[in-house]
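Model the placement of chain G on the given structure of chain C, informed by the hints.
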Amino acid sequence: MSEEVVIQVEGVSKKFCRSLRQSLAYGMMDLAREVSGRPSQGSKLRSDEFWALNNVSFSLRRGETLALIGRNGAGKSTMLKMLNGVLRPDVGRITVRGRVQALIELGAGFSPILSARENVYINAAMLGMPKADIDRALPEIMEFAGLEEFLDAPLQSFSSGMRTRLGFAVATQLDPDVLLLDEVLAVGDLAFQEKCMRRMDAFRRRNKAIIFITHNLYQVEAMCNSAVWLEHGEVVAQGRSIEVLREYLDTQERRTIAEAKVEGVRHKARATAAERAYLQLKEDERPKEIVEPPPSDPLHIRSVEILDGAGEPCDELPFRSDLTIRIHYEAPKPIIGPLFELIFFTDDREIFIASMLLDGPGPARIEDTGIVDCRIERLPLTPKVYRVVLAVYQAGYLVTEVTTRRTVANFRVTDEGLDSVAMRGPLALTLLRQGPPVYVPRVWHFYDGQGGEPLATVEANFAD
Amino acid sequence: MIKTAVYTPDPQLRTPGRLVREMIRDLSASRELAWRLCARNITTQYRQTALGYFWAIGPPLMTSVLFILLNSANLLRAGDTGVPYPVFVIVGTVAFGLFLDALNMPLSVIGAARGMLSKINFPHEALLLAGVAQILVNFVVKATLVVVVLVTFRVPVPPTAVLAVIPLTGLLVIGIAIGVFLVPIGALFQDVVHALGVVASGLVFLTPAAYTPPHAGLLGVLTSWNPLTPLIMSARDLLLHGSSPQISTTLILVAASIAALLLSWVVFRLAMPILIERMGN
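Line order of the protein sequences matches chains C and G.
Residue numbering for the first sequence is 1 to 464, as defined by the numbering used here.
Residue numbering for the second sequence is 465 to 745, as defined by the numbering used here.
So that you can see chain C by itself, here it is in the shape it has in the complex (with noise of 0.2 Å):
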């Protein structure tokens, strides 16, 4: 192990138990076997266990901050616990080079009928702070806290956001070589949060190391320089955060996709690899398709495709790439004026419409089948999945509706080949990902108050 690398995770796993009486038994024969000193079984499954945490290996080295992401559940919170030596692997090895310290929750150990001030010591101690360190710190642990006049105040009267500060404070005064925070983030009011993150920061500077687990991956791109995402226990993607981050986005609206498949959504697409493995379909099945308009419609939509620049069925298409949506239509009597509308939506947000009712009228009449394209050049959606409605109209005194109102599509723009011209910012990737959904294209200029040439000029444009 270099000097560098502060902490080295290998190979390590971890079972729990789903019934608690079973556990105690376990319990019982591990205690047994320590005492006796015969090696563990740790690598082998007993009933109702099962792996918390499944051959998991990184590493970490000094000035680096890691996240591990993923859902609850996954595992993140007991590999922190390991890490500070809590709980034990049961395979594996876990080795840590300095001074640890772990908010896995803030104020554990805090007593609601003593004073902050007696709490502080108590808490501080208990982390491994010496008392004239304590001392020394105690003005700048209530500082940070912002708790300077209530120093000498029951705990029990304090708002858990206060006790959370004073949890955060002390931990941070005590100067650890790696520093394990467990969702702390996450409590907290925003100004207090920006304070962590200050500290976070200066801690980083020193050439400390930090790990710890975040639901806001905008913390993740922003703080982090690698990552490793946890699913069920077992290491889906690690490396770069800005790669993970990608790789989980991306795996979130595939699920996305496919589970809105499953709703029932008459959408004609091949479902992809991962799909197929989310929805534990075999190769050739796919998606049921449920959604059948009422026979009474005088309209029918029979499918509707998402076609990518070349004209390929597809639910994946590049940021900035031509869209066409094909309806497949049937109209057992013929329609008169008829008005196509489709309306695009993400998160249940209608981000717009194109709709022929702004842009006037086509066919004079439609009959039989048939077939619609609207086609939308340099899509200027940002990578997230978007929803298409489709309704229409028959245009006549009245407006009325000819078929039944309904999501005719779901696809995804990814951020493929994006990197290289608009990602130079700081929350590139999240911001593209998880903020507004259009994107337009801009330049800004820097200038002097003279006049004359700009200092500096920042594009965000496409070379198409």
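Simulated from the structure, these hints should not be mistaken for laboratory data.
There is no bait here: all hints are sound.
List of simulated lysine to aspartate or glutamate pairs, EDC-like, C-alpha gap at most 20 Å: (1) Lys131/C to Glu496/G; (2) Lys467/G to Glu4/C; (3) Lys44/C to Glu234/C.
For chain G alone, coordinates are given in the frame of chain C:
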């Protein structure tokens, strides 16, 4: 030198040298925290009470009063106590209480610290040390009761009474050792906590705290096999008479209980990681 910690699933007994080094390191690292915890426990123990330290004296006082009533009604044959019965019984129950407090302490401090144990990595010995300190503080409070009784009944105390510290240490250490041995099972199964309550209420009658041990009958056999008997008797004899016929037995018992305590500490070290994982918070 940068501190390096390695966590593996290997049994700690495989590396006994490391185990012992870590035990010594953690014990010395836990002193400061133990003081803090002890101070906290004592303040919180009495901060929410109106009568405060009376509650340290309450239990032995109650037991003693009951025995005095039984004895004065001739329902109890205490035997030849040599000193006024109230003195005899209060000294006995206070000494026995020291053992009882020590017996219950390990499980109760570990149980109370569940939440911290599963979230913070700190030397767990601190919890036990703080528990011992708290027992000693409570014992000092109870000792005032003994002083009051001795003064009231004008019982002279010989200078060698200080030797009573030896059997009292034995009572404390044997209580802690048994209590620590019970932690691995008791932290997982609450049955142990319930059983301790039952055993404690019976044990006070099987230990000659309030009577001189009979020579015949089942009780005679039980008290003669009870290792607490010589400790309680010699503590009382040393305090009241300055000498005890059982001093050698006492010394052997004290040595044995110290050995038991060291062994229980090893078991405690081995068990804690497993317990923390299973006992939840």
